[in-house]
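Chemist: One-letter residues, chain by chain:
4 protein chains.
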Amino acid sequence: MKLSVNQIQEYNNENIQTHQKEFDFLAEKLIKKGIDVAGIIEKLENFNVAIPSWALGAGGTRFGRFSYGGEPATLEDKIDDIGILNILTKSAGAISLHIPWDIPNDYNAIKEKASDHNIIFDSVNSNTFQDQLHSKHSYKFGSLCNIHKEIREQAIQHNFEVINIGEKLGSKSLTVWLSDGSNFPGQNNFQTVLNNTAESLKKIYRHMPNSWKLYIEYKPYEPNFYSTVIQDWGTSFMLAQECGERAYTLVDLGHHLPNTNIEQIVATLMNKGKLGGFHFNDSKYGDDDLTVGSVKPYALFLIFNELVYGMNTNKNNPVPAWMIDASHNIKDPLEDLLQSLEAILIAYAQALLIDQKQLEKNQYKNDVAICQEILQDAFRTDVRPLIRQARLNTNGALNPLEAFKIFKIRDYLIKERGLKSKASGL
Amino acid sequence: MKLSVNQIQEYNNENIQTHQKEFDFLAEKLIKKGIDVAGIIEKLENFNVAIPSWALGAGGTRFGRFSYGGEPATLEDKIDDIGILNILTKSAGAISLHIPWDIPNDYNAIKEKASDHNIIFDSVNSNTFQDQLHSKHSYKFGSLCNIHKEIREQAIQHNFEVINIGEKLGSKSLTVWLSDGSNFPGQNNFQTVLNNTAESLKKIYRHMPNSWKLYIEYKPYEPNFYSTVIQDWGTSFMLAQECGERAYTLVDLGHHLPNTNIEQIVATLMNKGKLGGFHFNDSKYGDDDLTVGSVKPYALFLIFNELVYGMNTNKNNPVPAWMIDASHNIKDPLEDLLQSLEAILIAYAQALLIDQKQLEKNQYKNDVAICQEILQDAFRTDVRPLIRQARLNTNGALNPLEAFKIFKIRDYLIKERGLKSKASGL
Amino acid sequence: MKLSVNQIQEYNNENIQTHQKEFDFLAEKLIKKGIDVAGIIEKLENFNVAIPSWALGAGGTRFGRFSYGGEPATLEDKIDDIGILNILTKSAGAISLHIPWDIPNDYNAIKEKASDHNIIFDSVNSNTFQDQLHSKHSYKFGSLCNIHKEIREQAIQHNFEVINIGEKLGSKSLTVWLSDGSNFPGQNNFQTVLNNTAESLKKIYRHMPNSWKLYIEYKPYEPNFYSTVIQDWGTSFMLAQECGERAYTLVDLGHHLPNTNIEQIVATLMNKGKLGGFHFNDSKYGDDDLTVGSVKPYALFLIFNELVYGMNTNKNNPVPAWMIDASHNIKDPLEDLLQSLEAILIAYAQALLIDQKQLEKNQYKNDVAICQEILQDAFRTDVRPLIRQARLNTNGALNPLEAFKIFKIRDYLIKERGLKSKASGL
Amino acid sequence: MKLSVNQIQEYNNENIQTHQKEFDFLAEKLIKKGIDVAGIIEKLENFNVAIPSWALGAGGTRFGRFSYGGEPATLEDKIDDIGILNILTKSAGAISLHIPWDIPNDYNAIKEKASDHNIIFDSVNSNTFQDQLHSKHSYKFGSLCNIHKEIREQAIQHNFEVINIGEKLGSKSLTVWLSDGSNFPGQNNFQTVLNNTAESLKKIYRHMPNSWKLYIEYKPYEPNFYSTVIQDWGTSFMLAQECGERAYTLVDLGHHLPNTNIEQIVATLMNKGKLGGFHFNDSKYGDDDLTVGSVKPYALFLIFNELVYGMNTNKNNPVPAWMIDASHNIKDPLEDLLQSLEAILIAYAQALLIDQKQLEKNQYKNDVAICQEILQDAFRTDVRPLIRQARLNTNGALNPLEAFKIFKIRDYLIKERGLKSKASGL
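Chains as they are written, first to last, in the working numbering: chain A, 349 to 774; chain B, 349 to 774; chain C, 349 to 774; chain D, 349 to 774.
One or more hints might be untrue.
A pair holds if it fits inside one copy or across any two, identical chains being indistinguishable in the list.
What the hints assert, rightly or not - Think about it this way: if two alpha-carbon atoms lie no more than 25 Å apart in a straight line, the pair counts; the simulated DMTMM-like pairs of lysine to aspartate or glutamate are:
#: 1; residue 1: Lys380; residue 2: Glu370
#: 2; residue 1: Lys770; residue 2: Asp715
#: 3; residue 1: Lys550; residue 2: Glu509
#: 4; residue 1: Lys350; residue 2: Asp479
#: 5; residue 1: Lys770; residue 2: Asp479
#: 6; residue 1: Lys497; residue 2: Glu708
#: 7; residue 1: Lys709; residue 2: Glu498
#: 8; residue 1: Lys377; residue 2: Glu358
#: 9; residue 1: Lys768; residue 2: Asp715
#: 10; residue 1: Lys763; residue 2: Asp479
#: 11; residue 1: Lys350; residue 2: Glu424
#: 12; residue 1: Lys713; residue 2: Glu424
#: 13; residue 1: Lys488; residue 2: Glu750
#: 14; residue 1: Lys756; residue 2: Glu424
#: 15; residue 1: Lys620; residue 2: Glu590
#: 16; residue 1: Lys380; residue 2: Glu565
#: 17; residue 1: Lys369; residue 2: Asp730
#: 18; residue 1: Lys550; residue 2: Glu501
#: 19; residue 1: Lys705; residue 2: Glu547
Note that these hints are calculated values from the structure, not bench results.
Chain A on its own, in the form it takes in the complex (with noise of 0.2 Å):
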């Protein structure tokens, strides 16, 4: 199924009175106050989020995964799920592509689906921490790291094929995402999986075209519960400057200890120009893979600000590829997804409408209690008509996830697949 931009607008006009009402209260007060509304506005307008090709699909857990209906079984279904969530946010215009899970078969009819749905190909990502079928060796002891050269090998040899794929689509960078690691002390020999995961990720970044970027993930444990070799950002920006200046960080939000603070390393890897990739999502206890903002919507927005705090700062650092990366257990994925991407919108915005300049002035100053003022004034503004306004300036809809159910595209989606389709992946 295809939304028309018709049928959006017809929806948009429906609200559209209220919300030009609330627009002009909010930008009047904000612009008061000095606030570049206009501004604000484009960014948001031009502010886009990958969406990976497996998460499109029911996730699950190791006791087990529930699903629903009018799953994507194929990538070019894959493909339209993800022109839905972009025609309702025009926020959604790009697809990261998991390989061996979504290996297109026609080079040219997919990249010309996405073409129509205005999606871009965004970091391609390879997977080493599953054995696939008709695969020579197993990964189940380490890929990148394995004591075993062949097996190594073969992690590279994979490497080079999805760099080759994401060539082909147009794609610009390779996200590494290692689960290599150890179940018990004593299996892995730390220094020795060390220096063979340095020497493995030298060779795939040796082997990039010179305008591709790596990205190196980092991960403190799951699916091996006793070490991970790229353990932490430390090691992953080690590593980074060991491959070279195109290797960088990748961040995930999911991916950190109990009470780290994110934003801090977030800042300091852009003051180090290493901030390469940025994974969404968010979680309670571990990687818990929710909808962005669910459950901590606050820390989101500190990290936020130092995102753009960073942008404005460190003109050495890339913007960094964005993507969502969470796990639909319970809800419609789609649905996820629209609040996800909303809840990231918000928290932009919400940073975007700090005064970095009387931030500045009041931190000089030492006065603890006006910056935190400071930054809880523009968190505790109600950021919503901003992002309905983008969405209004780029033929988005007002509220997409509300249009979604009024447009009942779910229902849609089943009719045509069915009730049992199932989505590659996880």
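Following the hints, put chains B, C and D in place on chain A, whose structure we already have.
Modeler: Chains B, C and D alone, transformed into the frame defined by chain A:
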């Protein structure tokens, strides 16, 4: 120093027009959605949080303490400080005394002073985690749990004395926080110290006047770092049940292990009619005792959702005794408390906005996305105009922190009390 | 395949001299200190841990599963596997069935096979965290807690069926682990789901034969990542009290928030006579389900200290139902279980060495350093000769893991069952 | 008071026979397994841990401090206390001074006293986390990171002074622990404070004599509860690299977020030649500063495994500066330190038992169970006879804690110094 109602009115007049415009806009919008705005404002007007007598001086850590000028050196000064908070916010109309730090010399004078500030005496707190000058036995190895009967007796007698003081002032409840525990495996016999604690608490409970309530606080660690006798809500609840009907559990937000779902504990306790007291603060790592709402405002909102729901639903549960229990290591304590009071009212107002009927209906339909939308719609609403209106109605200041700054209250206090006055307490 | 006693004796004969020398040396030393070595060995001989029917296949994570050869594909195979564990260790003489994964086809045949291996049927486990083929209602949004009565009823009926199966096999208890909970704030009404769960459990309790016990497990998170209805021991204890005398709390080592003092929970539950079951495993981050003793052996020892003390002191508390509940993602499950059984016996033996009288005396003197010395002296003792002696006395293998390797048991199993057999279950 | 070698020999003579029997039995067993027992004992004899000058008095928490008798009130007293530790254990032959708490009055006298006790001056520690009497600027809002240049300068000058004092005493390194950070979001600009800290550290580094090393400590939180500038090993490592070759990271066991894999951090730092210093203690919740090995002895062993491996493998990494950094809130500090020294030597001896070749071989075979067995066989061995033998060889006491008690050392110290002497420092 004492603020006058006139001063505050003058300050309000400067800002009244902007406020009125914002309030009218918000009220209209909410009323259109069927929300009882007047009812919410009435609830906000009636909400009062106790200020503990020990929270008005500079706090510190084991690594030291940085003082500031104009600290309240006497109980009289402390009541004056709370008077300032109360006249500005109209929501700090109670003091919670800590004995022996703040034993009144002249009860009538103290009561009169409090009454002048419209301040009542809330729950009284005993202290058996420190040794007092001239006390016979040390609490180094525990108080109510102590393996030595004479030490337990001394601690019980101290609680009797605290009740006695409270009665003279009009308090109606006793709060017992025990640091009792151990630093090393083997130091305590868990079963013995638990049984001792139960016996001691029962004696204290039986000594209380019939109109009094007993609040039993819990905490997982600090100042003991291996075990704490009352380590969690389950232990407190069990002990409260053993004591009797007027014994309750007291929840302090900072007293939980990482990632604890506190709102669920609140719901469980209210379901059983056993939530007696509630201590506000915020934290990122442990019992950090930071300004309320400064780190996890959404968690605070979710807790208030349960509190509001419980106050409506669980008629057998008394209205909890609210108190701010924070430590002011860096900020001016009065500024810190003003920010805390604001954050509490914001979370309360947001929780009052939740459409409980719609929520229940969508829970019944398992529409998880809409359930989340209902909560987040309330949270994302900028409720500050409602709080300002409630304060306006009761002659408080529109923006208490701003007023505090404009009136240069700290400067006056330094002039009055000097730069080196020091509060009793921690 | 089935091991013979002769094979084991032959293996033991190779190592008996070294063992005898080490045992004699240790026994002499311990007896000199006044320790009842014979009594300890008798206790070790009598200690039996149940093996769950689902733990004999390869485990996995949401990221995948790596299989190995010779997995037990039927309940008969599983009982044979436990038979191997039991003849080697003489401490694995029980199986805990998981329904519906392991419903017997022929009850008599199954009972006979178990009896041949000297294996009894321990607690039976219900499963309402997954949907079963042909079941009418889904547990996606909860089972015993579900807001919809018909779904609760289906889950209750399933528990009735599990009891029925257990009765036929000679089981005497039902273990209920509920994954019921929510992934997002607002999804559940905490009070409603708690009340529903209480009502459902009471119905199950009342349906049990009078000789049966009910074990209520708790867990803070996973597979739900915002809330779990029975999130901690306090909730389980409260529910067990509401059900009745034969309802108990079950402690699983991995089901706790970071840094929880589990040994204190054990002591509290035994003090109240409410510790019913105990699941062994180990973990570093969450419910990692690693080999017992592989990460935190000292914590295991401290827990055994409380178990030993409680079994001596709290006569109203039944002997807990012991079970290993781990996941074998990387290791051969049989090797993993042999290591777990060894670690359990080591911790048990060390705990039995503790001089409780000296400990109590030094607790009374507040000699914290000596209290610690008493525990650590027991822990630092190499008790392996005691365990070997206990096994020798009962015709088990001196070193079960070594014997397993020497006998090439896995090779035989692969020959028998093939490389691609797959266990039912997770 | 000063212990004599004769006293100790007399005490040893009482226990020598039992020891000799146990040692011979163990040595024979180990030698049969191919272990170089003599080599291990030599390593144990040569192992020395520095005692910090601030760890000899009673520690406390923000809730108070319980004193004990005979505290060392002067630097001379403190050196005497370490002298007692050293003559008993022969492994405490170094003191680490904390400035300004322990500035010598008479350098020659102090050096002579230390020399009498065979104590050398290890790394010197600066303190910019507290304000000193008469200091011009306050560190309330940071020291080396401070936004105000004059405050940074004061802190830098203080470090210069500490280096100067260290040079006079023969120290060869400076340890910098910064509490610098913030309590609230917005208080600090992360990038600014990081840059300031880097500049300040570089100035200090350049000021050091060429033979000196700089150790940069990290810590996630406390005394600041929102952010700490040097929050983790990654930040410390990055700063050390920016400073130069003789700048290193210092690991303190208690300075990590919950569940951190510390042994992997140790391995990574040694791999890069950047592990400079190591502070021992133990903890269950946060920076609890408990007796070494009292809570997680297996984790300590795993760390020592990496240290032993690194000292053999990473020749570019210097031997780390060992120090005990604990707080003695409940125990007699000298007893506490004796227990810590014992736990350190036990973990070291166990790590030395590991058969690295067998481990590597089984890692290559992916025999995870056997890898675990190799580590646990070493850990389960009762190595205390080896440690006693090492002490016997160097005229130390067989069991230092027992000797301390038998000699009634605390009683003598109380007689000498009185009940109310108080150590400088925290």
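Chemist: Each of the hints needs a verdict: does it hold here or not?
Modeler: Results for each hint:
{"no.": "1", "hint": "Lys380 / Glu370", "in the structure": "both (16 Å within a copy, 14 Å between copies)"}
{"no.": "2", "hint": "Lys770 / Asp715", "in the structure": "between (56 Å within a copy, 22 Å between copies)"}
{"no.": "3", "hint": "Lys550 / Glu509", "in the structure": "within (16 Å within a copy, 45 Å between copies)"}
{"no.": "4", "hint": "Lys350 / Asp479", "in the structure": "neither (35 Å within a copy, 33 Å between copies)"}
{"no.": "5", "hint": "Lys770 / Asp479", "in the structure": "both (20 Å within a copy, 17 Å between copies)"}
{"no.": "6", "hint": "Lys497 / Glu708", "in the structure": "between (52 Å within a copy, 15 Å between copies)"}
{"no.": "7", "hint": "Lys709 / Glu498", "in the structure": "between (58 Å within a copy, 17 Å between copies)"}
{"no.": "8", "hint": "Lys377 / Glu358", "in the structure": "between (29 Å within a copy, 23 Å between copies)"}
{"no.": "9", "hint": "Lys768 / Asp715", "in the structure": "between (59 Å within a copy, 20 Å between copies)"}
{"no.": "10", "hint": "Lys763 / Asp479", "in the structure": "between (34 Å within a copy, 24 Å between copies)"}
{"no.": "11", "hint": "Lys350 / Glu424", "in the structure": "within (13 Å within a copy, 53 Å between copies)"}
{"no.": "12", "hint": "Lys713 / Glu424", "in the structure": "neither (57 Å within a copy, 31 Å between copies)"}
{"no.": "13", "hint": "Lys488 / Glu750", "in the structure": "between (44 Å within a copy, 24 Å between copies)"}
{"no.": "14", "hint": "Lys756 / Glu424", "in the structure": "within (21 Å within a copy, 50 Å between copies)"}
{"no.": "15", "hint": "Lys620 / Glu590", "in the structure": "both (14 Å within a copy, 12 Å between copies)"}
{"no.": "16", "hint": "Lys380 / Glu565", "in the structure": "neither (43 Å within a copy, 47 Å between copies)"}
{"no.": "17", "hint": "Lys369 / Asp730", "in the structure": "both (14 Å within a copy, 16 Å between copies)"}
{"no.": "18", "hint": "Lys550 / Glu501", "in the structure": "within (12 Å within a copy, 42 Å between copies)"}
{"no.": "19", "hint": "Lys705 / Glu547", "in the structure": "between (45 Å within a copy, 24 Å between copies)"}
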